[in-house]
Amino acid sequence: MVTLTIDGQRVQAEEGTTLLEAARDHNIYIPTLCVNEAVSPYGACRLCLVEVTKKERQRLVASCLYFVEEGLIVRTDSERIALIRGMIIELLLARCPKAGEVQELAKRLGVRESRFRVEDENNLCVLCALCTRVCQEVVGQSAISLVNRGTDREVAIPFYDNSDACIACGSCAYICPTEAIKLEDVGDTRIITMPNCRLEFKLKQCPKCGTYWAPEKQLEYMVKKANISSKVFDLCPDCRE
Amino acid sequence: MAKQETLKKLGSPEELEAKRESILKGRDTSKPCVTICCGTGCQAYGGVKVTEAFKQEIKERGLEAKIDVRTTGCHGFCERGPLIVIRPRDIFYQRTKVDDVPEIISETIIKGDVISRLLYTIPGTKQKVVRENEVPFYQKQQRLVFGGNGYIDPTKIDDYLAVGGYAALAKALSQMSPEEIIDQVKKSGLRGRGGGGFPTGVKWQSCRRAQGDIKYVICNCDEGDPGAFMDRSLMEGNPHSILEGMIIGAYAIGCSQGYIYIRNEYPIAVRNAEIALEQAEEYGLLGKDILGSGFDLNIKINRGGGAFVCGESTALMASLEGKVGEPRAKYVHTVEKGLWDRPTTLNNVETWANIPLIVSRGAHWYAGIGTENSKGTKIFSLVGKINNTGLVEVPMGISLREIIYDIGGGIPKGKRFKAIQTGGPSGGCIPESLLDLTVDFDELTRAGSMMGSGGMIVMDEDNCMVDIARYFLGFLEGESCGKCVPCREGVRRMRQILDDISQGRGKEGDIELLEQLSAAIADGSLCALGGTAPNPVLTTIRYFRDEYQAHIKEKRCPAGVCKDLISYVIIPENCPGCGLCVKACPVEAITFMGKKKPVILDEEKCTKCGACYDVCRLDAIEIRSGIE
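Sequences listed follow chains A and B, in order. Take the first sequence: its position 187, counted from the start at 1, is 191 in our numbering, and no numbers get skipped. Take the second sequence: its position 539, counted from the start at 1, is 594 in our numbering, and no numbers get skipped.
Take these hints with a grain of salt, some might be off.
Among the chain A residues that face chain B by a calculated CB cut under 8 Å, a handful are [stated by the list, open to error]:
# : residue
1 : R61
2 : L64
3 : Y70
4 : S82
5 : R84
6 : L87
7 : I88
8 : M91
9 : L131
Among chain B residues calculated to face chain A with C-beta under 10 Å, some are [unchecked claim]:
#  : residue
10 : E391
11 : V540
12 : I552
Think of the hints as simulated: they come from the structure by calculation, not from any bench. Don't be surprised by glycine CBs; every beta carbon is placed ideally from N, CA and C.
Take these sequences, add in the hints, and give me the full structure.
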């Protein structure tokens, strides 16, 4: 166990815990946009920056990536941090004015409006990379990735037109904090809508009850991955004995 | 294979010395040798053709046994290429052409006469300079790292051995323990030449102490700064000096594998590095049991795609691993978990090239050069509005004024100096009032700029500082990897505000917003690209605030650069109607009214390209800005 101070409060945490986890375990709020326990930390949104003091040296670190240390003094809020967070929110509000998660963060951090002009009012993607990370780390497919640099950066399937690796599981849509990726099952088709493409996949029908219950590609993937008989997925979970 | 069989690997420091002696014995130092610069700059001027002409002429005259021809890497004085130095007399010819070759052979080499026409004339005087080291450009330089370029053919390892090459490696392997080497590097005070300025010895020590079965050394030759080319010139001109530094470093740290990361846009550097690796392996200076010491090291070359961000150490390592070149947080240092999560020491080209000097001449000698906290020399790329464009190697602590006026020869066309940007696109602009600033890591940082890549761009009175800031932010916007929000979104917004200001849409509060954005981006970004990106804006606001205010409040560009804020005006009294401008105008905005009658310019049609202004020799066209 390691003892440190967060906002004046003495806190104990397991070694290998991040500052963010330690703070949250003690109900200390730190805003984040690119953090999800399902995937490894990434440090891109910069909202979770905190001030750490060690041996009288003070610096800003991303709390999602920085591990607890004995005797560390952490401040999760200061004027300097507030300025950075406020500016990040302003920048994101201008990028994605309609993104609910961003609006909520803005409200919580007291940012009323952005001083920057909106360039694409329908842009919902904050480029947190949760979708690409979940696809790589959890699903293991890397069917989508981030392409291009700077503000041209976007989530895309290879060459914008190859969805072979996508198993239609929908993890990307599930994890997306701003609904930039949407999933919808219509009849026998699953539709995944990304900011720059729309993918359609066939759903498997249960011969007993007739419901379309899972994407065929995902079932094939699971059969192959778990090395089980494809018969396991003949019926939907409800109709299985 | 036949070649390898005939060449016995050097199995000990003694065998290396014997090899060196036999090379020197086979060389007649009194024999004339034409050294021709074939660095990228001189190649562009025709250095290769001049070399071929020499070889051809010498062959035709049957003088092959009497005259040597040697192509070398960059000598640094790119402004005057192709450069030729005729050794041993060190006669220096510049702007040479193929047609000059027969005369040089007949007059200079055979008769011993100097051809006055090809000598360098000191600008503003009629004084001609005969010898290379008498050229003012070279006189205040201290070319410890870069000097070798002018003497060796980079594709011949024997040339490097002839100037004492690999002696430092032999000393390190046979007389020094790894700890002693690290101690020497620490005591030398060498700091990373890639820009960060981290103490090299401390980095090595941390990596040596880190736990790991395999450790790596990496040479960073990504050099993404478009204005800097010292790494390229060193890799092209003296690759063995870099290899020697890397081998010594790898031995000191305990690494068995090394990588040289070179951007693919540097084809000569890639080729010369490949040749150097091959030759070093042939000689037993790389590979297994180097010089019989039992120490093994392999080095591979990786070519980079030219992304600016890949010069950042963690992005470079990601790229080396075959991933997208994006930086990551360095809370766990790369000396502990770097390439493939193994302890890794990454140094810049120039840093590595300093190592043999420190090992052979000692830390004490090295620490005697430079300032208290910045030791040794630094190579700068001196470009922009400067008479002597090129690479200069100077001791730390020299003043900017000396670099610009004594070495650089001042500002062309008698214009007035305005600012110098140091450190690459994300460096800061330093004004005239700070010209006596001594150049070292800390002083440059104090002035709001940085050592960075070692780029130095000189600007004169015709440069608009808002436009300069806008230009660099545009570059950085395009090179931001886009991973973190402050850099990706913030740099773009800064560029937009600067666009607005330079296009007459600036408003009250813009300067303050730029300052707030700068603070958030500098503090909040993930890596040094974003961390330093605001520098051009912050320093131009700090030193040239009046120019920003003129743009914002008066809609005026004092330097007459920002197109939306200027107009070209014909001065009828000065215009004799010569018609030069009429011909130069690409959009027929100027009408010829007859001889001895002033021309008329149609402001509606004018695109403000400046072509008329450039051709007019009678001051009949003026640039006006704002209400005058």
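Subject >> Restraint outcome when E391(B) is required to lie within 10 Å of chain A by C-beta distance >> reply: violated, 13 Å
Original post:
Quick one, is the M91(A) hint okay against chain B at 8 Å, beta carbons?
Top reply: holds, 4 Å
Original post:
Can R61(A) be said to touch chain B, with a Cβ gap under 8 Å?
Top reply: violated, 14 Å
Subject >> Per-residue hint verdict: I88(A), partner chain B, C-beta under 8 Å >> reply: Cβ of I88(A) sits 4 Å from chain B, so the hint holds.
Original post:
Do the numbers back the hint for V540(B), that is, is its least Cβ distance to chain A under 10 Å?
Top reply: With a closest approach of 5 Å, the V540(B) hint holds.
Original post:
Against chain B, is S82(A) within 8 Å by beta-carbon distance?
Top reply: violated, 11 Å
**OP:** Go through the hint on L131(A) and say holds or violated, using the shortest Cβ distance to chain B against 8 Å.
**Re:** holds, 7 Å
**OP:** Using 8 Å as the Cβ threshold, decide whether R84(A) counts as touching chain B.
**Re:** Because about 7 Å separates R84(A) from the closest Cβ in chain B, which is inside the 8 Å limit, the hint holds.
Original post:
Should the interface hint for L87(A) be scored as holding, given a Cβ-Cβ cut-off of 8 Å against chain B?
Top reply: Given a least distance of 6 Å, the restraint on L87(A) holds.
Subject >> Interface restraint verdict for Y70(A) against chain B (beta-carbon cut-off 8 Å) >> reply: holds, 5 Å
Original post:
Under the criterion of a CB-CB separation shorter than 8 Å, is L64(A) in contact with chain B as hinted?
Top reply: Since chain B brings a Cβ to about 6 Å from L64(A), closer than 8 Å, the hint holds.
**OP:** Have a go at the I552(B) hint: is there a Cβ in chain A nearer than 10 Å to its own Cβ?
**Re:** holds, 9 Å
Checked against the numbered hints given earlier, the structure breaks hints 1, 4, 10 and satisfies all the rest.
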